[in-house]
Amino acid sequence: MADPMKIRAAMVGDKVEVKVLMSHEMETGQRKDSKGAAIPAWFIQNVTATHNGKTVLSAEWGPAVAKNPFLSFRFAGGKPGDKVVITWIDNKGDKRTDEATIT
Amino acid sequence: MNSGRRNVLKGTGGAAVMGLAAAAGLFKPGSAWAQSWNKAAFETKSMNDTIKAMGGSTAAESKDIVITSPDIAENGAVVPFSIASKIPKTESIALLVEKNPNTLAANFNIPDGTEAGITTRVKMGQTSNVIALVKADGKFYYTGKEVKVTLGGCGG
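Note that the protein sequences, when read in sequence, are chains A and D.
Mapped onto our numbering, the consecutive letters of the first sequence carry residue numbers 1 to 103.
Mapped onto our numbering, the consecutive letters of the second sequence carry residue numbers 1 to 156.
What the hints contain is simulated information worked out from the structure, not anything from laboratory work.
Incorrect hints may appear among the rest.
[Unchecked claim] Each pair of labels, with its calculated beta carbon distance range:
{"no.": "1", "chain 1": "D", "residue 1": "VAL66", "chain 2": "A", "residue 2": "ASN68", "range": "20 to 30 angstroms"}
{"no.": "2", "chain 1": "A", "residue 1": "GLY81", "chain 2": "D", "residue 2": "ASN48", "range": "38 to 48 angstroms"}
{"no.": "3", "chain 1": "A", "residue 1": "ASP94", "chain 2": "D", "residue 2": "SER57", "range": "30 to 40 angstroms"}
{"no.": "4", "chain 1": "A", "residue 1": "TRP42", "chain 2": "D", "residue 2": "ASN75", "range": "14 to 24 angstroms"}
{"no.": "5", "chain 1": "A", "residue 1": "ALA41", "chain 2": "D", "residue 2": "LEU151", "range": "15 to 25 angstroms"}
{"no.": "6", "chain 1": "D", "residue 1": "LYS139", "chain 2": "A", "residue 2": "ARG31", "range": "32 to 42 angstroms"}
{"no.": "7", "chain 1": "A", "residue 1": "ARG8", "chain 2": "D", "residue 2": "THR127", "range": "27 to 37 angstroms"}
Heads up, the beta-carbon is just placed ideally off N, CA and C, and yes, glycines get one too.
Please put together the full structure from these sequences, using the hints given.
In structure tokens, the structure reads:
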């Protein structure tokens with residue numbers, strides 16, 4: 001199981017600003033190890049953020065997203081105390097879900 | 001099986017083959033999987049092919065898309081980008097790095113109520129034109145900027 005995400009969700013004006021830091025290798029599949037063998041690609045493919053069951057952002061990622069991916073976005077309709085839930089799934093089928101409370 | 005398919009992709013016609021495969025419905029962009037991943041789009045080598053793999057045909061240049069990023073990235077492994085679209089009914093924002101092995105880096109779907117702006121970090125193999133591709137009301141728009149990379153991010 002991968003390490004937990006760091007999620008911040010805070011009101012900025014009337015919108016909720018979400019900042020997420022995920023812990024993932026994001027291996028491109030382009031690199032070779034010391035013996036010259038290709039290191040297989042290993043990266044997050046899908047990211048979904050929900051608020052009260054409604055999707056507020058979904059993303060498809062390729063291996064070009066940087067290691068330990070960072071993502072920030074804003075959505076309307078949230079209030080302090082609500083929860084924001086974020087899930088990612090990588091190309092090996094591993095997944096991780098974490099949540100944060102809006103402040 | 002994999003090695004054979006790679007060889008096809010390596011050929012100059014690779015992108016065209018992928019385009020045909022997408023057109024023939026072998027890959028179904030946006031099909032109703034719980035978690036869909038547009039494989040065809042992530043294997044494209046140019047913006048035009050990416051647009052086709054996303055179900056469009058052409059994109060119009062737009063001044064209503066703003067890319068905020070460093071002009072020179074010292075470390076290509078981590079290049080921060082913010083993309084904001086002022087185009088009404090923005091549905092998705094994609095980030096493309098032209099000279100990466102595959103052009104498409106990430107695609108974000110923006111539901112109603114979410115600001116048409118995202119910030120993330122991507123890898124860049126070398127100095128390249130970076131394109132923000134926005135789909136709004138079924139049409140594609142783009143803007144681009146060059147980002148110089150002094151140290152590549154693809155393990156080179």
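Is it true that the C-beta distance of A:GLY81 to D:ASN48 lies inside 38 to 48 angstroms, as the hint says? holds (47 angstroms)
Does the hinted range 30 to 40 angstroms hold for A:ASP94 and D:SER57 at CB?
-> Roughly 36 angstroms apart at Cβ, these two residues keep to the hinted range, so it holds.
Quick check on a hinted range of 27 to 37 angstroms for A:ARG8 and D:THR127, using CB atoms only. This hint holds: roughly 33 angstroms between Cβ atoms.
20 to 30 angstroms was suggested as the range; check whether the CB atoms of D:VAL66 and A:ASN68 agree with it. holds (26 angstroms)
Report task. Can you let me know if the beta-carbon spacing of D:LYS139 and A:ARG31 is within 32 to 42 angstroms? Result -> For D:LYS139 and A:ARG31 the Cβ distance comes to about 37 angstroms; the hint holds.
- Query: Taking 15 to 25 angstroms as the hint, is the beta-carbon distance of A:ALA41 and D:LEU151 inside that range?
  - Reply: About 22 angstroms separates the Cβ atoms of A:ALA41 and D:LEU151, which means 15 to 25 angstroms holds.
* Asked: Is the distance from the Cβ of A:TRP42 to the Cβ of D:ASN75 consistent with 14 to 24 angstroms?
  -> holds (21 angstroms)
Comparing the model with each earlier hint shows no violations; every hint is respected.
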